[in-house]
Amino acid sequence: MDVTITVNGKEMSADVGAETTLLGLLRENWKLTGSKLGCDVGDCGACTVLIDGQSVNSCLMLAAQANGREVVTIEGLGDYDHLHPLQAVFEQESSFQCGFCAPGMIISTKALLDKNATPTEYEIREALSGNLCRCTGYTKIIQAIMDISGQSDDDRKSA
Amino acid sequence: MAPKVDVKEREKPLESLRHADDGTVPAVFADIGKGLRPLTPEVNKQTPAVGQRVTRPDSRPHVLGKTMYIDDMAFPGMLHTKILRSEHAHANILSIDVSEAEKMPGVVATLTGKEIPVVTFGPSYQDQPLLADDKVRHMGDGVAAVAAETEQQALDALAKIKVEYEPLEPVFDPLEALEEGSPKVHGETNVYTSKIIKKGDVDKALAEADHVFERRFKTQMVEHVPMEPHASIALWEPTGDLHVYSSLGRITLGRADLARTLDLPMNRVRITATIVGGNFGGKNEITLEPILALLAKKAGRPVKGVFTREDEFISSTTRHPFVMDYTTGVANDGTIVARKVRIVCDGGAYCSWSETTMGKGAILSVGPYNIDNVKVEASAVYTNKTMTGAMRGFGAPQVCFAYESHMDDIARELGIDPLEIRLKNAFHEGSSSPTGQVLHSVVVKESLEIAADKFGWTEAKKNKKRGRGIACMWYPIGFTVLANASAAVVKVNEDGTATVLTGTVETGQGSLTVLGQIAAEELGIAADDVKVVSADTDTTPMDTGAIASRTTYVTGNAIQMAAEKAKDILFATAAPMLGVRPEQLEARDRKIQVKNYPQKALSIGDVAQQAQFVDGQPALGSASFNPHTVAMDPETGQGKPFGTYVYATQVAEVEVDEDTGEVEVLRIVAAHDCGTPINPTLVEGQVEGGISMGVGLALYEEMLFDDKGKQLNPNLTNYIMPTSLDMPEVEVHIVENYDPTGPFGAKGVGEPTSVPTAACIMNAIHDAVGVRITSLPATAEKVRKAIKERDEAKPKQIAS
Amino acid sequence: MKPFEYVAPGTADEAVAILAENGVNARLLAGGTDYLVDLKHTTQVPKIVVDVSSISEFRGIDLTDQGLRIGSAVTHTEIMDSDLVAEHAPAMQEAALTIGAVQTRNLGTLGGNLVTCVPSMDSGPVLVALDAVVTVAGPIGHRAMPLTEFFVGPRKTALEPDELLVDIIIPRERLGRGCSFRKFGLRKGQALALVNAAASLDLNAGKMADVRIALGAVAPTVIRTRKAENLLEGKAPSDDLFAEAGDVAATEAKPINDFRASADYRLDLIRAGTKRVLVEALERAQV
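Residue numbers (our numbering), protein chains in the order written: chain A, 1 to 159; chain B, 1 to 800; chain C, 1 to 287.
No wet-lab data here; the hints were simulated from the structure. Quick caveat, the model's predicted, so the values are computed rather than measured. Careful: at least some of the hints might be erroneous.
Said to hold, decoys possible - Here are the simulated SDA-like cross-link-like pairs (lysine to any residue), alpha carbons at most 20 Å apart as the crow flies:
no. : chain 1 : residue 1 : chain 2 : residue 2
1   : B       : K565      : B       : Q610
2   : A       : K31       : B       : T150
3   : B       : K162      : B       : I93
4   : B       : K218      : B       : S775
5   : B       : K160      : C       : T42
6   : A       : K31       : B       : F75
7   : B       : K640      : B       : P740
8   : C       : K47       : A       : G17
Can you build the whole structure from these sequences, using the hints too?
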């Protein structure tokens, strides 16, 4: 079946089996390998993308369900010479280690900050609870988000 | 509470980043008009490089989603592989029929064990088959493989493979496996390795001790859960050479294993590792690689194999469950006079890294304490469960949980503060270890004092329902006795930048960044000036791998030594140019200059140019390093098994809900020794991450098996690893130290980070609600049950 | 996944017709966060997957004469963001927050959660405690039934193969009352329920009225613990009485032993949970 999806602002079409997941379409057909396959059942969040501004696990969505909608992947946020502010702060604070969870984590962060520009530490943890990370303990990721949303360490303590 | 990282320390205010209304901003650090030169933060350009919070060079690809992991790679004509796994925990294989599978749509090749030239491998004993051909010993054993055009086609074909099994009686409990009459997993006995460490006269000392404490402790099987599943691609070059791309964390060993199992010479086998999405020990040995190589040969096309998340649980290595019996003799004043430990390690179906885990666990099991009379007996046994192997800590988290829980029991019984009793007994500079090794760069007490102080150990509790617990540990760097060398090559380019070649693999810990800083320091240039090339067996020199927390120390030393040799060539070139002797020169601030005469200097680029193009002596150095060890006596275990050790303390604060047993860890304060912190940010990252694994081990994670040996929770839905909501506040302090045997005084940090966590949490639970959990994980159910038992044991109080 | 066909009908009638035509060979898809996991693991995929997520009759949150109406294809995030739900049935938002993580809630639907009908479902207990009623559409027309009757057994609802869940209505008289929800799981994030507890009540002249206690994950479906309710009905509230209610509720549940927890422990959680949701429901009734 034909699916047409606006990906990172560009309209893209493909003819795929209905059983194709959105993640499969992005990675295999369109070579957008930034979104990762970590568990295939929506537990780890490494496949997180935005659909109409909301974060979803693309491994648990049929490509057909995204038909006619807008998808944003990590590739849509920035490139080497133009980092998105989120990418810049995570880079500078060395928030990620192996990097596998990074795309999903960054997309989830964007979804959070787009809805709530000054989240409390609890709200950050809650928003990221669908993105598993084994390397970092989440500490520097959360710290970077507190920093970029203009919150000091004191704000953290009082939250 | 002090913030864990001083905001002022970050060298660039973040004001400039907050453009929420704009989709993109120019890259952070300078105007974009500089053209093609990559823009990096100021700190990456500082000299000297060691100690700087350098931004990792792989950060940018990570945040862009551009880092290429194996599964992101594709080659023309590439096929996909799926592995059929055993239906039984223990069975003879009578026949394997792939004929129907071969006819399925899209299938290009199949493989069974008998087609593999040398089918077994293993780091100690080669007892593990790549594909089982005569016997299966756990349900994760691969039995056959299929390569097809798509993954679904490969899966469909697996369903058509017919395997005839003759089930055998399995054994699952390690203590049962010790018994004479139990089913045998391999050969005549299930005990395949053991170790003894003896010092002094433990029986006499126990008999004479004022108090004797005894307790059994148990730990569970857990999994590494790297976010990236194991993945490899195999292809045959037109020259007939094999090229494998792999998520392996140890490519020198990987190449040796590939060459051996495929009966190929090593120079015809090439392994390239990319950035690995998490290792933690689980990617230390081959899994799919030879299978893919043979399928690729049969198919005449590249073949990719990626583990499913379920494969990760059922067929990759796991952490050894330990059963530990501790008997400790203590004097009235709290001095420990004797300790006896018996450890049974559950080895699972294959030996894998059991020798090392058992051996290291045994050495560490005594704890970082001065105890004159010691006896440790450890053994590893086979069971028909998922094979246990290398996992972050190699036995240390298990034994630390035991000895530090035990220490608290002793402290409370004798009415001594848990911090005081540890300070009383802890190692100091020059202490003798249980194996008789004289220890240097010892900072256990410092780590205890710092962690306790930063935690507020002596402050009154603000909330009486909270509990606090402390645990300290020691951990070695490098392999147990065995040689574990690293070689390195450092090239100074003609413009004064440098390229470093290392066989180590970046598995996320930031090793390449740290190694670059070490090279930069030696050459007097900045981190930014060094490119570290890694992980290709054809182009980078041997390295024993990202294991045993050895990379900073061993590979770092090799790199420092290689850089020194390259620098010597620069000095030899610059000396006549500056009219001095080479010994009078130093490398700093990107210059070769005369010591004490900064005005007499040449830029390093000019010297390198001169060396290469005028003198005809390119500034290149190669070196290798191996930690200094002395073999352990087989009867007593006495020897010098490691080059150096690190020390740490963690303190936890918890709150326990008595009605439900739920434990909330509120915060953990950690004080870790790593020698000189080459990059403090990366050290913190390792501690923070290690603590999350420690929290998982303490409270949540466990691989569960049914009575047939099938895993009940081989997925991330039911294998409970900490999410961001489950992690406490973590505060990290680096203990100041300098180890003269390490590069610029550095040691290592990767594994020690998750070692004391479970213990300090268990001690905090005990402080909060007076229950001692002796088996991990301390699930809410277990804690609740212990609380009920506590209440039943108390004399009933009259309600007021 | 093995191949299947996909269709996204625009109206309930179209959807019903497709179901009638295909019978058991058609399966419904709303958010897909549960169903896609099944599809990935099953050897038998359906012939056709029917995506009902954009059928307008199944969407929207409204206050009607009947009560607070929530379409079956409303996502958990929409419930959490809804001012109407915040005002009239805030406990539903507390329950929704415990479902999976943000990504799950953005796609997962209330209807999907109810129709999948696993005993550990998180949206059921509050709705049962608020006497919710569901509307079902079939070839003949619409019919309504109490949610408690909609749940038949594990993974089994009262839906015939050619019927769809249209919406869920919390009756007017149950809006705004004191209601609380508590979930016990093995960790805080992305937790599956070991035990769910919900309670609601009114307070009239210091006496509890129309007390409802609902438990999840401790019986084949979400259940009301009527003996515990009867213990409290018409009485003045007290901590001791609530603790007793917890003990009684535990006798009405049939928790199982599984690898996540033992039945005994689940009983402990029922006792603790029932008491806590009653205490909180009371506090909210007093506001």
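Hint check, failures only
Those not satisfied: there are none.
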